[in-house]
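Work out the full structure: start from the sequences and follow the hints.
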Amino acid sequence: MSDHGHHNEGHHGHDDHGHHEHHETFISKYIFSQDHKIIAKQFLITAIIMAVIGMGMSLIFRLQLAWPGEKFAFSNFFLGDKWAPDGVLDPNMYLALVTIHGTIIVFFVLTGGLSGTFSNLLIPYQLGARDMASGFLNMISYWLFFLSSCIMIASCFVETGPASAGWTVYPPLSAIQKAIPGSGLGMTLWLVSMAIFIASSLLGSLNYIVTVFNLRTKGMTMTRMPLTIWCFLITAVLGVLSFPVLLSCCLLLIFDRSFGTAFYLSDIFFSGVPLEATGGSPLLFEHLFWFLGHPEVYIILLPALGLISEVISTNSRKPIFGYRAMIVSILAIAFLSFIVWGHHMFMTGMNPFLGTVFTFTTLLIAIPSAIKVFNYLATIWKGNLRLSPAMMFALGMVSLFISGGLTGLILGDSALDINIHDTYFVVGHFHIVMGAGAIFGMFAGVYHWFPRMYGRMMMPKLGFLHFWMTIVGVYGVFFPMHFLGLAGVPRRYFSNEEYVLFQDVQPINIIITCFAIMAAIGQFVFIFNFFYSIFKGRKSNQNPWGSNTLEWTAPIERIHGNWPNAIPEVHRWPYDYSKPGHDTDFVPQSVPLKEGESDGH
Amino acid sequence: MALLIFLTVVLVVVAVAKIMRSHELSTKLDGDQADFISLSEIKTQGFLYALFGAILFILIIVQMCVWGKYILPSSASVHGDEIDNLFDVTMYLILFTFFVTHIVMFGFIYKYYQKKDQKAYWFPHNNKLEMAWTIIPAIVLLSLITYGLSTWQSVMYQDSTKDSVKLELVAEQFKWTVRYPGKDRVLGKVNFSAITGTNGIGIMTSAAVDSSLVDTRKQIAALEITVKELDSLVNIGGWSGKADDLDDAEDNLSAFKANERRLIRFQEEHKKDAAYYKGGEDDVVVRDTLYLARDRMAEFTFRSKDVLHSAYFPHFRAQMNCVPGQKTYFTFTPKYTTEEMKEVAASEGKKFVMYELVCNKICGASHYKMRFPIVVLTQKDFDARIATYKVFGDELTGK
Ligand code: HEM
Ligand SMILES: [Cu+2]
Ligand SMILES: [Cu+2]
Numbered sequence: 016m017s018d019h020g021h022h023n024e025g026h027h028g029h030d031d032h033g034h035h036e037h038h039e040t041f042i043s044k045y046i047f048s049q050d051h052k053i054i055a056k057q058f059l060i061t062a063i064i065m066a067v068i069g070m071g072m073s074l075i076f077r078l079q080l081a082w083p084g085e086k087f088a089f090s091n092f093f094l095g096d097k098w099a100p101d102g103v104l105d106p107n108m109y110l111a112l113v114t115i116h117g118t119i120i121v122f123f124v125l126t127g128g129l130s131g132t133f134s135n136l137l138i139p140y141q142l143g144a145r146d147m148a149s150g151f152l153n154m155i156s157y158w159l160f161f162l163s164s165c166i167m168i169a170s171c172f173v174e175t176g177p178a179s180a181g182w183t184v185y186p187p188l189s190a191i192q193k194a195i196p197g198s199g200l201g202m203t204l205w206l207v208s209m210a211i212f213i214a215s216s217l218l219g220s221l222n223y224i225v226t227v228f229n230l231r232t233k234g235m236t237m238t239r240m241p242l243t244i245w246c247f248l249i250t251a252v253l254g255v256l257s258f259p260v261l262l263s264c265c266l267l268l269i270f271d272r273s274f275g276t277a278f279y280l281s282d283i284f285f286s287g288v289p290l291e292a293t294g295g296s297p298l299l300f301e302h303l304f305w306f307l308g309h310p311e312v313y314i315i316l317l318p319a320l321g322l323i324s325e326v327i328s329t330n331s332r333k334p335i336f337g338y339r340a341m342i343v344s345i346l347a348i349a350f351l352s353f354i355v356w357g358h359h360m361f362m363t364g365m366n367p368f369l370g371t372v373f374t375f376t377t378l379l380i381a382i383p384s385a386i387k388v389f390n391y392l393a394t395i396w397k398g399n400l401r402l403s404p405a406m407m408f409a410l411g412m413v414s415l416f417i418s419g420g421l422t423g424l425i426l427g428d429s430a431l432d433i434n435i436h437d438t439y440f441v442v443g444h445f446h447i448v449m450g451a452g453a454i455f456g457m458f459a460g461v462y463h464w465f466p467r468m469y470g471r472m473m474m475p476k477l478g479f480l481h482f483w484m485t486i487v488g489v490y491g492v493f494f495p496m497h498f499l500g501l502a503g504v505p506r507r508y509f510s511n512e513e514y515v516l517f518q519d520v521q522p523i524n525i526i527i528t529c530f531a532i533m534a535a536i537g538q539f540v541f542i543f544n545f546f547y548s549i550f551k552g553r554k555s556n557q558n559p560w561g562s563n564t565l566e567w568t569a570p571i572e573r574i575h576g577n578w579p580n581a582i583p584e585v586h587r588w589p590y591d592y593s594k595p596g597h598d599t600d601f602v603p604q605s606v607p608l609k610e611g612e613s614d615g616h
Numbered sequence: 004m005a006l007l008i009f010l011t012v013v014l015v016v017v018a019v020a021k022i023m024r025s026h027e028l029s030t031k032l033d034g035d036q037a038d039f040i041s042l043s044e045i046k047t048q049g050f051l052y053a054l055f056g057a058i059l060f061i062l063i064i065v066q067m068c069v070w071g072k073y074i075l076p077s078s079a080s081v082h083g084d085e086i087d088n089l090f091d092v093t094m095y096l097i098l099f100t101f102f103v104t105h106i107v108m109f110g111f112i113y114k115y116y117q118k119k120d121q122k123a124y125w126f127p128h129n130n131k132l133e134m135a136w137t138i139i140p141a142i143v144l145l146s147l148i149t150y151g152l153s154t155w156q157s158v159m160y161q162d163s164t165k166d167s168v169k170l171e172l173v174a175e176q177f178k179w180t181v182r183y184p185g186k187d188r189v190l191g192k193v194n195f196s197a198i199t200g201t202n203g204i205g206i207m208t209s210a211a212v213d214s215s216l217v218d219t220r221k222q223i224a225a226l227e228i229t230v231k232e233l234d235s236l237v238n239i240g241g242w243s244g245k246a247d248d249l250d251d252a253e254d255n256l257s258a259f260k261a262n263e264r265r266l267i268r269f270q271e272e273h274k275k276d277a278a279y280y281k282g283g284e285d286d287v288v289v290r291d292t293l294y295l296a297r298d299r300m301a302e303f304t305f306r307s308k309d310v311l312h313s314a315y316f317p318h319f320r321a322q323m324n325c326v327p328g329q330k331t332y333f334t335f336t337p338k339y340t341t342e343e344m345k346e347v348a349a350s351e352g353k354k355f356v357m358y359e360l361v362c363n364k365i366c367g368a369s370h371y372k373m374r375f376p377i378v379v380l381t382q383k384d385f386d387a388r389i390a391t392y393k394v395f396g397d398e399l400t401g402k
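As they're listed, the protein sequences go chains U and G. The numbers in the working numbering rise by one with no breaks, and the one at position 334 of the first sequence is 349. The numbers in the working numbering rise by one with no breaks, and the one at position 383 of the second sequence is 386.
The hints are simulated quantities; they were obtained by calculation from the structure and are not laboratory data. Beta carbons are placed, not taken as given, at the ideal position from N, Cα and C, and that holds for glycine. This list has only true hints and no planted wrong ones.
Calculated lysine-lysine pairs in the BS3-like style (CA-CA distance at most 25 Å, straight line):
id, chain 1, residue 1, chain 2, residue 2
1, U, Lys193, G, Lys245
2, G, Lys114, U, Lys476
3, G, Lys21, U, Lys554
4, G, Lys383, G, Lys186
5, G, Lys46, U, Lys476
6, U, Lys609, G, Lys122
7, G, Lys118, U, Lys397
8, G, Lys260, U, Lys193
9, U, Lys476, G, Lys21
10, G, Lys114, U, Lys397
11, G, Lys119, U, Lys397
Stretches of chain U that chain G covers, calculated by requiring three or more beta carbons in the stretch to come under 8 Å of a beta carbon on chain G:
id, segment
12, 101 to 115
13, 368 to 376
14, 408 to 421
15, 536 to 545
Set out below in structure tokens:
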């Protein structure tokens with residue numbers, strides 16, 4: 016195997032097809048590129064780096080949780096003598112790590128990274144468009160994302176430490192600079208980084224929406240769009256409607272911190288001083304935050320569900336079951352996700368009547384979620400399941416979505432939430448459904464579309480190894496957390512030893528940490544496989560999975576404009592797998608209907 | 004531990020190396036156009052998936068048996084039983100759904116993994132099925148909502164009983180303070196302006212307001228001197244190193260001045276209506292333990308002095324955030340004294356040493372240490388216990 020990596024990236028596009036005359040320098044091609052495919056890869060690689068950082072942080076605090084007070088050279092190596100003297104983690108740094116871990120995974124990996132990679136890669140390809148509506152804004156979107164990532168990382172190196180008020184940064188803890196060291200410069204940088212991140216996300220989302228509405232190829236009606244595109248579209252709409260609210264939420268916090276306003280502060284007596292700020296309310300912050308915060312969890316989840324819809328259908332060699340029901344469910348979830356945010360606030364002192372309303376809406380959201388699960392199960396029924404690594408992860412995500420969604424029924428019921436709010440039960444719930452669930456969707460996407468991105472295959476056997484280490488790790492880490500939660504153990508505790516109540520639960524914490532270490536090691540299998548395969552992977556053919564969607568009708572080589580000649584025209588929906596009356600078990604969307612054949616779904 | 008990690012890493016590296024070898028061999032053999040994943044590999048994976056499912060189920064059941072004893076013992080409050088029932092019903096439903104859907108999923112994976120002559124069945128949709136699995140979850144969920152909300156209603160809107168105790172719990176970094184109403188059974192007025200060293204939670208009696216005003220004026224005087232000194236340092240020497248200190252001092256000065264204005268206003272109100280501020284005189288402030296009386300409704304008011312905290316009473320199925328600038332409420336009735344609870348827990352095979360109050364909202368570096376012991380006594384013991392504390396009016400004047 017010769018070194019083909021470079022070929023795929025560029026030359027072919029020019030030499031063979033002469034489609035694009037203007038000359039590309041290295042910088043315009045790989046750095047300030049406006050090509051959606053390159054931008055997708057930039058997002059992916061940035062997200063992988065951020066994910067490794069986020070995961071490393073979690074290992075450090077997991078060590079502390081399992082063996083509190085023990086000395087770990089590992090912690091000392093990364094944090095130095097100030098934050099981990101002798102390798103014993105400092106309680107302030109514990110909170111800082113938990114905060115930055117959450118922020119990085121939620122926003123930088125699963126929002127920026129996931130949507131950024133796959134919306135960019137697939138929206139133009141699957142719609143038969145030559146690129147995004149605005150390549151320039153798309154490029155800006157990536158570079159703002161990059162900048163905000165850098166600021167977030169830089170905030171870890173300031174003297175007083177990074178933001179430490181939890182990823183939800185509730186004031187007054189985050190507003191009073193001396194309440195915790197991390198609420199000094201670290202918090203300022205956190206807010207600046209998030210503001211830039213939001214700008215990036217908005218530019219990206221607007222671009223996705225405009226592209227979907229305007230740049231569909233001939234014949235690509237809305238109901239012939241793959242579910243991936245539907246999910247990306249709705250995700251972008253959610254983002255555009257909710258991220259601005261987070262921006263104002265953060266701006267008001269900046270005002271409270273730096274300019275003496277009192278949006279979130281009132282009647283505070285801090286370190287001997289009755290603060291001047293009166294008239295504000297922390298509840299205002301919580302409402303604003305969760306008005307974004309809940310849609311945010313679907314901003315994370317929907318793209319992942321979109322990816323696995325495609326992966327499951329293709330690899331089952333069967334149409335996705337209930338295409339229209341899936342679309343309606345996505346729309347219902349999106350709509351409901353705007354009116355459930357109060358379920359994060361049952362215990363905040365909000366009027367209990369609001370608790371009633373939010374319980375009602377929250378539990379309703381389980382209906383469309385259940386429909387989706389049943390539809391996935393119906394899709395694999397009587398299929399011919401090609402258990403590729405992507406398919407393994409996609410099925411794993413279905414399992415995680417079931418497990419985590421079901422515990423949501425407990426949390427969403429206000430009466431039950433009284434006793435488990437802010438315990439490890441919540442941590443177990445959202446890591447399974449959102450953390451691991453979306454990561455599984457992302458892995459499924461990477462394994463599936465790797466050949467589309469790099470013209471090569473990832474090694475399946477390593478993929479399987481990675482899958483098994485990950486799913487065993489995920490269930491081993493997050494399932495036992497439910498027991499901790501039911502024992503009353505609160506989240507964001509540096510150690511449980513202060514309480515008589517939690518004296519005996521330590522074995523659970525040790526087991527969790529062991530699984531976490533194993534899962535982390537497993538991720539290096541993926542990273543090795545990923546980077547090795549970029550350069551040395553087995554070359555793929557144009558349509559390695561036998562898929563129907565348009566991205567596989569474009570040549571392997573990366574060219575500007577995606578298709579050398581005319582863009583393909585669409586004649587059917589994307590799920591004609593194993594359709595009776597055809598010789599092959601797939602019929603690409605660009606194949607005209609046979610005489611008398613109905614566009615059947 | 005390090006050894007274990009080392010072994011895992013070695014194992015994984017060996018596995019990766021082996022896989023790479025076989026991968027390269029197979030690449031050479033198959034040529035480029037062959038299937039990328041062989042049927043025999045798929046068979047192995049299908050089998051592994053089913054095996055994983057079986058092991059997952061077994062381990063879940065094992066966990067429930069082994070760790071079940073860590074789950075909190077049955078409720079120590081009256082309303083908690085309703086919550087526990089709702090929890091059990093929901094949990095059975097969830098476990099049932101979990102097992103059924105997973106058995107179906109693992110079963111399908113095992114049954115339908117790719118085989119040589121297997122054909123997938125064309126089945127794009129089916130209205131009847133889709134209706135069924137829309138309507139059935141809808142009915143189940145609507146009943147769950149109804150049940151859940153009726154429980155919520157009865158927990159959150161408990162009517163005061165004749166003999167209920169109204170008490171207040173105040174949180175601050177990183178400790179708790181309880182206040183009982185004293186003989187008059189009303190909690191006196193509070194305001195953060197009245198907080199001083201001896202009046203940690205800002206009870207507003209006439210004497211307390213006066214003494215806070217004295218304190219505030221002392222602070223103002225001291226701060227004015229500090230500001231002047233720093234001002235000259237910063238301005239004359241151009242010594243910017245002190246600029247932050249100056250900012251802080253100025254902020255504090257204006258904060259205390261605002262406090263002074265508020266206190267003066269309170270003083271004037273006092274003069275008009277002295278009775279209004281009497282309630283606090285006989286309040287009892289307790290700083291080491293939360294005492295509760297069995298079978299007597301405790302109507303809590305929560306406050307916070309600085310950041311958000313959450314008062315979490317795991318054994319009583321009760322929780323409420325403590326919010327600066329706002330009062331929040333929760334009511335429950337303890338059912339067992341601490342001693343009785345030991346027996347209840349023991350009869351369920353669970354360990355119980357004492358009731359504890361847990362801070363459950365991230366509030367700073369020592370959040371994890373912000374615990375408070377709770378003791379539930381019989382009515383008689385409770386009264387005797389509270390009687391050992393001074394009332395606030397006396398405490399303040401040092402009587
Ligand atoms: C399906 C995807 C879901 C995602 C991605 C998700 C995500 C999350 C996240 C991130 C949190 C933690 C917030 C925090 O406390 O910091 C959370 C909590 C919660 N989730 Fe979910 N969830 C999902 C499904 C559900 C479902 C189906 C329900 C209810 C039917 C639900 C109900 C809740 C509730 C009530 C909380 C708040 C619990 C508490 O703070 O005490 N979730 N979820
Ligand atoms: Cu939510
Ligand atoms: Cu606290």
